[in-house]
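Next come the chains, spelled out residue by residue.
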Amino acid sequence: MPGAEDYNIDDRPAWCPGCGNFAILKCVKDVLADLGMAPHEVLLVSGIGQAAKLPQYLRCNFFNGLHGRALPVATGARLVNHGLPVIVTTGDGDCYGEGGNHFLHAMRRNINLKVFVHDNQIYGLTKGQASPTSMEGMKTKVQTFGVLSEQLSPLTLAVAMDASFVARGFAGDHDFLKELMKEAINHNGFALLDILQPCVTFNKLNTFKWYRDRVYRIEPEYDPTDRVAAFKRSLEWGDKIPTGVIFKNNRSTLEERIPIIKDMPLVKQPFDPEKTLEEIKKELSP
Amino acid sequence: MDYTVKIGGEAGQGLVTVGELLSKVFANAGYHVFTHQDYESRVRGGHNFYLVRVADEPISSALDEADIVVALDKASIELHGPELTEDGYLIYDSETLKQESKNARHIDIPFKKIATEDGGSPVMANTVATGAVLGMLGMDITHLLDLIKARFAKKGEEVVHSNVMAARTGYEFAKSNCPECRFMPASPKGPKTLVNGIECVALGAIASGVKSYTAYPMTPSTGVLNNLAARAEKYGIVVEQAEDEIAAINMAIGASFAGVRAMTGTSGGGFALMVEGLSLAGMTETPIVIAEVQRPGPATGLPTRTEQGDLLFVLHTGHGEFPRVVFAPGTPEEAFHLTNRAFDLAEKYQIPAFVVFDQYLADSKWTYDTFNTDGIVYTDYRLRGEAFAAQKDYKRYAYTDSGITPLAVPGDAPHLVTADSDEHSEVGHIIEDAETRLKMMDKRYFRKMESLKKEIRPPLKYGSDKPDIVLVGWGSTYGVNKEAVDSLNKDGERAALLHFTELYPFPESGDYMTLLEDAKLTVCIESNATGQFARHMAAETGYEFTKLITRFDGRPFSVKYILERLK
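Chains as they are written, first to last, in the working numbering: chain A, 1 to 286; chain B, 287 to 853.
The following block holds chain A by itself, in its conformation from the complex (with noise of 0.2 Å):
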């Protein structure tokens, strides 16, 4: 079993002392450990930005793309190796904005992704301009009249997706953040786990006590299968803003709807080039 340590490195993040990112980079580790997963059994996929950063502050396989394009990314990496489990580490920039298309497709396709989105309503990496989730009326630099467009609520646009897995977690409510991520890695499918995160460099208006004054676990006795319960819920938002887990289904995933694999991870299959080559000269005869 490995332990949380077995995930340390030397590197030291280049996050802003207090950000949320450390708290949710120690529940990973936790996370991991916890269920068994050593390093080299698991593939961390993210794009860029501050939540971005995250695979490279602890041991495991990684790839660090493009702003936007984890979900590609990971996608075409399960595709071919649907025994290795990849969770995305992004955030409301490179997750909602950027890469906003991405994330309607994956859950379209229901690729067994674990999504994990760093919310801080705001970019960080970038120093401070309005993300997808802010809210409106937010004065930064660039939206000197304040936030225009209407806040994006990931959650509700989730459900509207028929996600197969969409829960939202704070980054001040450790324990209850380890269990979302691991009843994410644990379900069969798209799971989108949105993380509320205190930006404390950037986001003087979402700070850490007004999430900390807001935030509530949702009730035992919910129902998450409800879908129609579900939209109402995701809707939530102002001076209660529900954590836990919101909706969920037993859609089939993509890799279990493609014959190719089934039984089989592509990455395993044999390739036997010289009986290839015989059956497309077959296809090449007259």
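These are computed hints drawn from the structure, not numbers from a lab.
Owing to the predicted nature of the structure, the values given are computational and were not obtained by experimental measurement.
The beta carbon of each residue, even a glycine, is placed where N, CA and C say it ideally should be.
Honestly, I wouldn't trust all of these hints.
[To be verified] To be clear about the criterion: a stretch of chain B counts as covered by chain A if any three or more of its residues have a C-beta under 8 Å from a C-beta of chain A, and this derived list gives those stretches: (1) 521 to 534; (2) 545 to 558; (3) 698 to 706.
Given the structure of chain A, go ahead and fit chain B onto it with the hints provided.
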């Protein structure tokens, strides 16, 4: 024997069916065939044509004149009537077109009436027309009847019988109503393989072990997607239609990183979207193969037509500096072999590799007595399974003399496999220091380029050994350039062709340069407005051609077009 049949009509009228049936009949009968498709960007209506050239000797281009025109619409009479050769005929159905032609070389054949009376349904009008063409040519109808039988067998005896009747009646009608027809079919020489360029790219990929193909449909590249999807189950390939080209290339990169050979394909506009991903493949040293099937731009351009307008774009695009390799086949056989080269070099050097061609080569069908599949290579360069586990240590980007670090399959061993789009250390972690940056550029770019250059083969030489005139082309112009050289030599000139298929890194200077330097006239022939290959060659070698022949109206070159501009 060298005849051209042109079938013209609106999209949706079945002219492609007639064209394909005829080509198949000719190939099965034992003739050489070359086809070209001209179509508009619409599913119904407009005016399209399908050209089938048939000969008893190998042929490699389309001619401007037609010996038989099958007019399925009025526009065909107007547009293709004047293209008839002296002994040529146009056939049409005056009842369907509601138009009668006074021209003695235009023969009215009641396709629809025959189809209804002898076949039992007007939908067989095209079968009648196909039979009629064979009747005029005085060719054996057996191969057509065999094809009809095979094609309609599933639909039952009755459907087969009606179609056979329709074909036969069309055949006999044309024979007895074209007493002046002087077509003399040569004796056929054994059945031929009939295949187009884009299918051969797909087959070349399969022979190379492609396991993942991710793409977004775009004319004229969609054929790669269709051809691979049709064979996905048989050869064990995962084919995924991506939400856009950005996703398509990033999926290919993810698939390759996970351990299989991966490919994507698109046309110019879609490739523009892939450019960022191309650079990612360069930085992360992830092997991928990209089929770039050109069509005329800028922007949406002429979506269904042909051009070689993306060469400099493919050569230079992608932010930052990284190695790549670019191939441009000129025939279906070359498409097959160069796709294999692209995979081999992509995997060996862990770089993006291109197969660049265009609508003309994609859709044109060629015939072969024996399609040459010799020389296909497959080496698995990846570190996987036990071999990976047996490594004492593994660093994804460890410095090596060749610049190539073995690419391992993540999950196969306790060693970690990493990739980073930021500049990175040997273990793939983000760095900022100048020293590591320089060492990585040396590994990733300079060291690899040094040996990659040596892999590149010189252009193909054809024609005279001591030419006065050298025609130079790249990619899909091969067939027409070759015939232009033949024509010049037949007229007593001393002409040769240099056909470039390996475009980057540029072939090292050798015999071909001497040939150019010793010639009086050197002509670069390209389907673009600005002579992109000529500029590429000037940049790489300093050589400047004495003449440039371009075509950029979306139509392919013909021998006539080239010879007229040489005068």
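Results for each hint:
Under a criterion of three residues with beta carbons nearer than 8 Å to beta carbons of chain A, the stated coverage of the segment 521 to 534 of chain B is upheld, 11 such residues being counted. With a cut-off of 8 Å between beta carbons, the segment 545 to 558 of chain B has 3 residues touching chain A; three or more are needed, and the interface restraint holds. Note: the segment 698 to 706 of chain B has 8 residues with beta-carbon separation from chain A under 8 Å; the three-residue rule is met and the coverage holds.
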